[in-house]
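Colleague: The residues making up each chain are set out below.
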Amino acid sequence: MFTFIIRRLVQTIPVLIGVTILTFSMIHLVPGDPAQIMAGESASPQQVELMRERLGLNDPIPVQYFDYVSGVLQGDLGNSVRSGRAVSDEIAIRIRPTVELATMSTALSVFIGLIAGVLAAVRRNTFGDTFIMLVALFGLSMPNFWLGIMLIQYLAIGVDIFGFNTGIFAASGWGTWQQQVLPVITLGVAGAAIIARMTRSSMLEVIDQDYIRTARAKGVKERVVVYRHALKNAMIPVVTVVGLQFGSLLGGAVLTESVFAINGLGRFMIDAIRARDFPIMQGGVLVLAFMFVSVNIVVDILYRFLNKRIDLN
Amino acid sequence: MREEINNGAAIAKAAPNPSFVKLASVWKKLRRSYSAMIGGGLVLIFILIAYVGPYFTPYGPREQNVINKLALPSSEHLLGTDHLGRDIFSRIIHGMSITLEVGFVSVVIGLIIGVFLGIIAGYYGGRIDTIIMRFMDILLAFPGILLAMAIVSVLGPAIVNVIIAVGIFSVPVFARIVRGSTLAVRKLEYIDAIRSLGASDARIIFKHILPNVTSPLIVQATLSVATSILTASGLSFLGLGAQPPTPEWGAMLSDGRAYMYDSAHVATIPGVAIVIVVLAFNLFGDGLRDALDPKMKN
Amino acid sequence: MVKPTDILKEEPILEVRNLQTSFFTEKFEVKAVDGVNFAVPKGKTLGIVGESGSGKSITSLSILRLIQNPGKIIGGEILFKGENLLDKSEAQMRRVRGNEISMIFQEPMTSLNPVYTVGQQISESYRIHQNIGKKEAMLRSIDMLKLVGIPSPEQRVKQYPHELSGGMRQRVMIAMALACDPELLIADEPTTALDVTIQAQILELMKELQQRLGMSIVMITHDLGVVAETCDYVAVMYMGKVVEYAKVADLFKNPKHPYTVGLLNSLPRHDIDLGDEELTVIKGSVPSPDNMPKGCRFAPRCPFASEICVEQLPDLEQSEDGNQIRCWIYTDEWDGDPEVKVNG
Chain B
1 MFTFIIRRLV
11 QTIPVLIGVT
21 ILTFSMIHLV
31 PGDPAQIMAG
41 ESASPQQVEL
51 MRERLGLNDP
61 IPVQYFDYVS
71 GVLQGDLGNS
81 VRSGRAVSDE
91 IAIRIRPTVE
101 LATMSTALSV
111 FIGLIAGVLA
121 AVRRNTFGDT
131 FIMLVALFGL
141 SMPNFWLGIM
151 LIQYLAIGVD
161 IFGFNTGIFA
171 ASGWGTWQQQ
181 VLPVITLGVA
191 GAAIIARMTR
201 SSMLEVIDQD
211 YIRTARAKGV
221 KERVVVYRHA
231 LKNAMIPVVT
241 VVGLQFGSLL
251 GGAVLTESVF
261 AINGLGRFMI
271 DAIRARDFPI
281 MQGGVLVLAF
291 MFVSVNIVVD
301 ILYRFLNKRI
311 DLN
Chain S
1 MREEINNGAA
11 IAKAAPNPSF
21 VKLASVWKKL
31 RRSYSAMIGG
41 GLVLIFILIA
51 YVGPYFTPYG
61 PREQNVINKL
71 ALPSSEHLLG
81 TDHLGRDIFS
91 RIIHGMSITL
101 EVGFVSVVIG
111 LIIGVFLGII
121 AGYYGGRIDT
131 IIMRFMDILL
141 AFPGILLAMA
151 IVSVLGPAIV
161 NVIIAVGIFS
171 VPVFARIVRG
181 STLAVRKLEY
191 IDAIRSLGAS
201 DARIIFKHIL
211 PNVTSPLIVQ
221 ATLSVATSIL
231 TASGLSFLGL
241 GAQPPTPEWG
251 AMLSDGRAYM
261 YDSAHVATIP
271 GVAIVIVVLA
281 FNLFGDGLRD
291 ALDPKMKN
Chain Y
1 MVKPTDILKE
11 EPILEVRNLQ
21 TSFFTEKFEV
31 KAVDGVNFAV
41 PKGKTLGIVG
51 ESGSGKSITS
61 LSILRLIQNP
71 GKIIGGEILF
81 KGENLLDKSE
91 AQMRRVRGNE
101 ISMIFQEPMT
111 SLNPVYTVGQ
121 QISESYRIHQ
131 NIGKKEAMLR
141 SIDMLKLVGI
151 PSPEQRVKQY
161 PHELSGGMRQ
171 RVMIAMALAC
181 DPELLIADEP
191 TTALDVTIQA
201 QILELMKELQ
211 QRLGMSIVMI
221 THDLGVVAET
231 CDYVAVMYMG
241 KVVEYAKVAD
251 LFKNPKHPYT
261 VGLLNSLPRH
271 DIDLGDEELT
281 VIKGSVPSPD
291 NMPKGCRFAP
301 RCPFASEICV
311 EQLPDLEQSE
321 DGNQIRCWIY
331 TDEWDGDPEV
341 KVNG
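Chains as they are written, first to last, in full-length UniProt numbering: chain B, 1 to 313; chain S, 1 to 298; chain Y, 1 to 344.
No lab work stands behind these hints, which were simulated from the structure alone. Be a bit skeptical, because a hint or two may be false.
[Stated by the list, open to error] Below 25 Å or equal to it, Euclidean Cα-Cα: the simulated SDA-like pairs (lysine to any residue) are: (1) K27/Y with S33/S; (2) K158/Y with F4/B; (3) K221/B with R140/Y; (4) K221/B with K31/Y; (5) K135/Y with V225/B; (6) K44/Y with D181/Y; (7) K232/B with M138/Y; (8) K221/B with Q120/Y; (9) K31/Y with I198/Y; (10) K158/Y with R304/B.
Take these sequences, add in the hints, and give me the full structure.
Modeller: What follows is the structure, given as structure tokens:
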């Protein structure tokens with residue numbers, strides 16, 4: 001197990017190097033002169049030169065990359081072009097809502113997805129199964145920004161039903177639970193749908209296994225057969241999906257933050273793209289990719305732990 | 001040895017064309033699947049609407065009538081009007097082709113690059129394989145929409161760039177599928193046999209490897225169209241894709257947000273349109289998977 | 001009509017009467033078990049022999065009512081200690097399973113749950129049926145492993161199934177099945193998936209445990225060698241029906257049904273010299289269940305089949321030595337060669 005963790009960590013080193021190369025090259029792939037773009041179109045040649053100097057664009061590319069990586073390793077992600085403040089500080093004050101949002105949404109999607117998937121599998125090919133899977137397909141097909149807007153419309157602005165206004169939640173911001181409910185649902189629905197589908201097919205595969213028959217032959221209650229004997233096995237492939245989900249929710253948070261005006265990393269990055277503030281973009285992408293990779297390592301280790309059978313091979 | 005193989009070829013010729021037989025059996029299975037029939041039928045209808053519909057809309061997609069802005073659905077304006085008095089129904093119909101093209105073109109880009117890289121990696125193996133697949137890992141290390149955002153931030157906000165960005169982000173999925181099957185087929189003994197008979201790499205790839213991956217590729221491509229449409233509309237919603245006054249649904253939805261309090265339909269309707277189209281592709285993809293490739297799950 | 005208990009010298013613990021289990025597809029019904037009769041004597045072993053598809057495994061699953069959709073028991077009686085199991089509620093049935101009647105399966109590799117330790121899986125039987133604590137259950141599990149001949153059981157209880165060999169796993173399955181001291185053990189091809197040397201060990205173990213614990217055994221197998229070694233009585237099944245039901249010694253000495261004879265002839269024998277004669281194989285293959293023959297199920301493959309065999313299904317009848325046989329040849333209605341000698 002220990003060697004596996006070490007090996008898994010070593011394997012991610014090239015991926016992380018690749019990520020830094022990609023974020024580093026973003027600035028160089030821009031058509032035109034990045035210094036000109038960032039200094040603004042009305043900037044004087046002196047200002048553009050100053051910007052070029054500040055970004056270190058006069059050095060040879062390998063030197064620039066080396067400087068960039070050594071900066072990253074020391075926690076220095078450069079400075080924002082707009083505010084002049086350190087990118088790492090700017091990100092640090094905005095990352096919390098993003099991580100909280102992604103974590104809560106993942107938890108919600110796992111909770112709902114597992115229950116729905118198991119219920120559908122147990123009732124395979126009945127009306128209940130079809131209904132659950134149809135709802136899941138809807139969840140999968142909905143743009144989450146639209147879902148967010150709809151939730152705001154009906155649960156934040158609200159409509160009057162028999163004199164009761166349904167607008168019980170807040171439409172924007174992040175902090176109180178009234179503010180958190182709608183964004184978490186918005187971001188969690190697609191994940192719940194994916195996990196429900198995955199859990200269902202995984203359960204259906206497991207429920208036909210010989211060891212399930214053994215459990216029944218032992219006199220185990222059907223409920224216990226499903227939740228103790230089948231689900232624990234069915235969870236194994238689902239765990240991987242949960243890891244990937246968390247990553248894509250980190251990305252999806254961008255849209256949700258934008259809809260609910262949450263002052264998080266995602267919305268900050270959108271503003272940076274509009275303002276052509278490249279150091280912020282680079283830093284944000286790097287941080288999120290790094291988090292994604294870390295979560296997947298944790299998931300892989302968890303997977304190993306759950307799936308005892310791999311140990312031997 | 002040589003004669004035996006020739007005999008085999010003669011028998012193969014005498015038998016009915018196997019790909020035709022396969023197609024017939026696939027059709028038989030597809031017909032039994034509700035989701036494939038409904039999803040596929042809807043997709044066909046949408047394609048028809050996208051390319052024929054624009055000739056029959058009551059208003060032009062950019063035709064403004066500021067006096068009659070934010071009108072609710074009526075017999076005059078089937079789905080109401082937006083903040084500039086444009087007919088939403090007409091704009092939805094005109095936007096259909098944009099939505100479908102974004103989905104199709106980006107998936108074709110991802111498919112071509114992905115299949116190419118996957119075959120090279122699986123067929124030649126060794127260091128090339130390691131390099132390509134590590135590169136795919138790096139692409140996968142970015143949450144989907146974030147990668148697209150990064151690419152758009154470099155190329156600038158425009159619908160073409162969104163298509164490229166979404167296409168690149170679907171490359172790794174296709175590369176993985178193709179690499180896996182290529183590895184599996186390569187190991188088969190008959191590949192060695194036909195190679196020793198002088199078959200070229202290109203022939204082996206096109207005649208023996210690609211036909212084996214078409215089923216999972218078709219399934220994945222259909223499902224990828226659905227996710228691509230979602231991602232692309234998200235980027236347009238953020239103002240990074242199609243720019244006004246293009247009748248792109250994500251952008252229309254974004255426009256409508258400002259009028260949520262009084263005129264919810266302006267934002268609601270484009271969203272419903274996206275849901276229906278994406279749902280159709282997902283249904284079709286699910287049905288195809290059950291018929292073509294029952295073992296492939298999720 | 002003969003009763004299945006007629007041939008037993010002992011008291012029966014289980015009596016199956018006219019059991020019918022079918023599987024329903026959209027288009028047709030497959031009668032996997034079609035009116036099966038047999039009885040299991042107390043403390044002895046009944047073998048059920050047949051090719052795959054004969055319905056012997058479905059029969060064994062039916063006894064414990066473990067048939068899953070789209071299968072269904074549609075008729076008959078399963079009398080266990082005089083009570084019909086088909087009349088019991090699901091909750092009552094659960095108290096029978098693993099407690100009074102236990103079962104072990106063919107595939108020890110896949111019949112144990114991969115995510116629980118051996119100890120947890122054996123303990124579960126105790127916890128369900130005997131209402132004892134975790135610790136006590138684990139201690140008894142260790143005793144059980146000792147009983148089935150697993151060395152250093154204290155360590156083994158903490159292991160996962162993948163850490164054990166196939167033979168070890170089958171011993172664990174036996175330990176699990178015998179944990180609550182059942183009166184009847186149903187063993188569905190317990191040795192088929194194992195190496196030959198391990199097979200002998202497992203059969204030996206089962207015989208030894210039977211002597212010590214006094215339980216009855218139903219041994220489901222396709223292997224007449226296993227029957228010869230372990231069983232007292234045997235029911236030969238073909239396409240969902242019992243075709244011959246006899247004491248084991250009689251069956252091997254004087255097989256009556258042409259199918260049984262065919263099975264025996266396809267066995268390599270060490271006791272008689274066949275000379276130049278080769279092993280014979282039953283011609284043809286089992287017809288698909290949706291294409292059930294109208295008369296005797298075996299008629300299409302039977303070398304002696306005459307008109308009546310093709311037209312009418314024979315009943316299970318008592319033969320002169322007290323065994324039971326389903327074949328026209330031994331009846332007064334026989335319309336074929338009167339001098340026919342099936343086992344000649």
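Colleague: Now tell me, hint by hint, if it's right for this structure.
Modeller: Structure-based check of all given hints:
1. With a CA separation close to 18 Å, the supplied pair K27/Y and S33/S stays within the 25 Å bound.
2. For the hint pairing K158/Y with F4/B, the CA-to-CA distance comes to about 22 Å; that is within 25 Å, so the pair holds.
3. Pair hint K221/B plus R140/Y holds up; C-alpha atoms about 22 Å apart against a cutoff of 25 Å.
4. Distance restraint check for K221/B and K31/Y: the Cα-Cα separation of roughly 28 Å exceeds the 25 Å cut-off, and the hinted pair is therefore not satisfied.
5. For the suggested pair K135/Y and V225/B, the alpha carbons sit about 22 Å apart, so the restraint of at most 25 Å is met.
6. For the suggested pair K44/Y and D181/Y, the alpha carbons sit about 16 Å apart, so the restraint of at most 25 Å is met.
7. With a C-alpha separation of about 21 Å, the suggested pair K232/B and M138/Y falls inside the 25 Å cut-off, and the hint holds.
8. In summary, the hint linking K221/B to Q120/Y is supported, as the alpha carbons are separated by about 16 Å, within the 25 Å threshold.
9. For the given pair, K31/Y sits about 35 Å from I198/Y by alpha-carbon distance, which is inconsistent with the 25 Å threshold.
10. For the suggested pair K158/Y and R304/B, the alpha carbons sit about 18 Å apart, so the restraint of at most 25 Å is met.
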